[in-house]
Amino acid sequence: MKTPNRRDIGFGFGLVLAAAILLPATHARADDVEVHIDNFVFQPAELKIKVGTTVTWTNRDDIPHTVVSAGKFRSKTLDTDDKFSFTFTNAGDYKYFCSLHPHMTGMIKVE
Amino acid sequence: MSGHDHGHDGVSRRKVLECMTWAGTGVLWTVTGGVPRSLGIIDSAQAATAAAPGMSFLQISDSHVGFDKPANPNALGTLEEAINKINAMPAKPSFMIHTGDITHLSKAAEFDNAERIISQSKLDVHYVPGEHDFLDEEVKFYRERYGRGTKGAGWYSFDAGGVHFIGLVNVVDLKAGGLGNLGAEQLAWLEDDLRGKSKSTPIVLFAHIPVWTVYPEWGWGTEDGGRALEYVKGFGSVTVLNGHIHQVMQKVEGNVTFHTARSTAFPQPAPGAARSPGPMKVEDAKLRAMLGVASINFKQNEQRLAIIDTPLQG
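Protein sequences, first through last, are from chains H and E. Residue 8 in this note's numbering is what sits at position 8 of the first sequence, and the numbering runs on without skipping anything. Residue 140 in this note's numbering is what sits at position 140 of the second sequence, and the numbering runs on without skipping anything.
For reference, chain H alone in the conformation it holds in the complex (with noise of 0.2 Å):
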């Protein structure tokens, strides 16, 4: 999320003020988190998260690239500037890493 300047405080203050009453359940996406994929590595490698994140990598390389945790989640082929997400609803350690380039490698421990 985007850190409001000064000038946008008093603005930024009444969306957050109007997202909290009428939309209490976003108050968890302000958690959710990014992995990019530049130059064949998952960025963050390691990310510590609560249960209820979602995570969200996008492929900012110029080759195709998976996320893939054994018996949890697998994307499909995410080409260039695509995107794909997986919310954590249990607590542990989930290892990752892409199916067509296996030393490419990634840990989210949920809390």
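Hints should not be assumed to be uniformly reliable.
[Unchecked claim] Below 30 Å or equal to it, Euclidean Cα-Cα: the simulated DSBU-like pairs (lysine-lysine) are:
#: 1; chain 1: E; residue 1: K175; chain 2: H; residue 2: K83
#: 2; chain 1: H; residue 1: K76; chain 2: E; residue 2: K199
#: 3; chain 1: H; residue 1: K109; chain 2: E; residue 2: K175
#: 4; chain 1: E; residue 1: K92; chain 2: E; residue 2: K286
#: 5; chain 1: H; residue 1: K72; chain 2: E; residue 2: K140
#: 6; chain 1: H; residue 1: K72; chain 2: E; residue 2: K175
#: 7; chain 1: H; residue 1: K109; chain 2: H; residue 2: K83
Because the hints were derived from the structure by calculation, they are not lab data.
Got chain H sorted already, so can you dock chain E onto it with the hints?
Structure of chain E alone, referenced to chain H:
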């Protein structure tokens, strides 16, 4: 094989040199891929093959049909240039092998386009899949087109010109943190396929990912490739060909020569020379010097193998 001029004495040194001229700045290498005298079986190998004519075949690789990024916005066009180059060769090779990544995203249209262009060579083509050819949800497009008569994920062997060719698949069941993978079933098949073969039979192994360890940091190697090499190392002449790394690299180890081919689509950096093995962007004027095909001339009675790498533009 059709198209090969048996009237000539195989591929003579002069012919090879002619080819080199044609290849411009192409790399010619000859290796003692034959049977070392220390094994004491060179005489039998020569006797067995003395009367046989030489033969040649071509390797193309990593066409990535469908790739359209800045490193080469027209991968289909450069594939067509490679095929035109092949069609202009003074001596038609016996056949062609394609060492995988025919397509970029395994789309039906990409396979169609590749087939349309490659078939213009009018050569028999023996394929093995690259990881980019197995991206469709049901993993059926490659198999339906090229998998007929193959085992498992697409491995097979055949004989041509006295040489035993083995196409291997090392792009499935890849494990986290690992390299290319052949798997127990394929290795058992390979061991069985070679059982009973005369040790003087020249062997050509081809696969997409290098069967030898080139650069594990970028996944350029095969986890259980050593097992496959164990099975072939007793043979007098073994040639291992691959694609995947989009650049020429070679190594000789005992009776085994390893050789990797250029892509017809885009170059990749030398091991460790960039942050990733992704497509290397070069000036348009330089691109075609970094793409190309390889022609392999096998002259049995000399037990010598010559591989000529030909860039699309020298």
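To see whether the hints hold, each was checked on the structure:
no.	hint	verdict
1	E/K175 with H/K83	22 Å, holds
2	H/K76 with E/K199	45 Å, violated
3	H/K109 with E/K175	20 Å, holds
4	E/K92 with E/K286	28 Å, holds
5	H/K72 with E/K140	24 Å, holds
6	H/K72 with E/K175	15 Å, holds
7	H/K109 with H/K83	20 Å, holds
Going through the hint list in order, the structure does not satisfy hint 2, though it satisfies all others.
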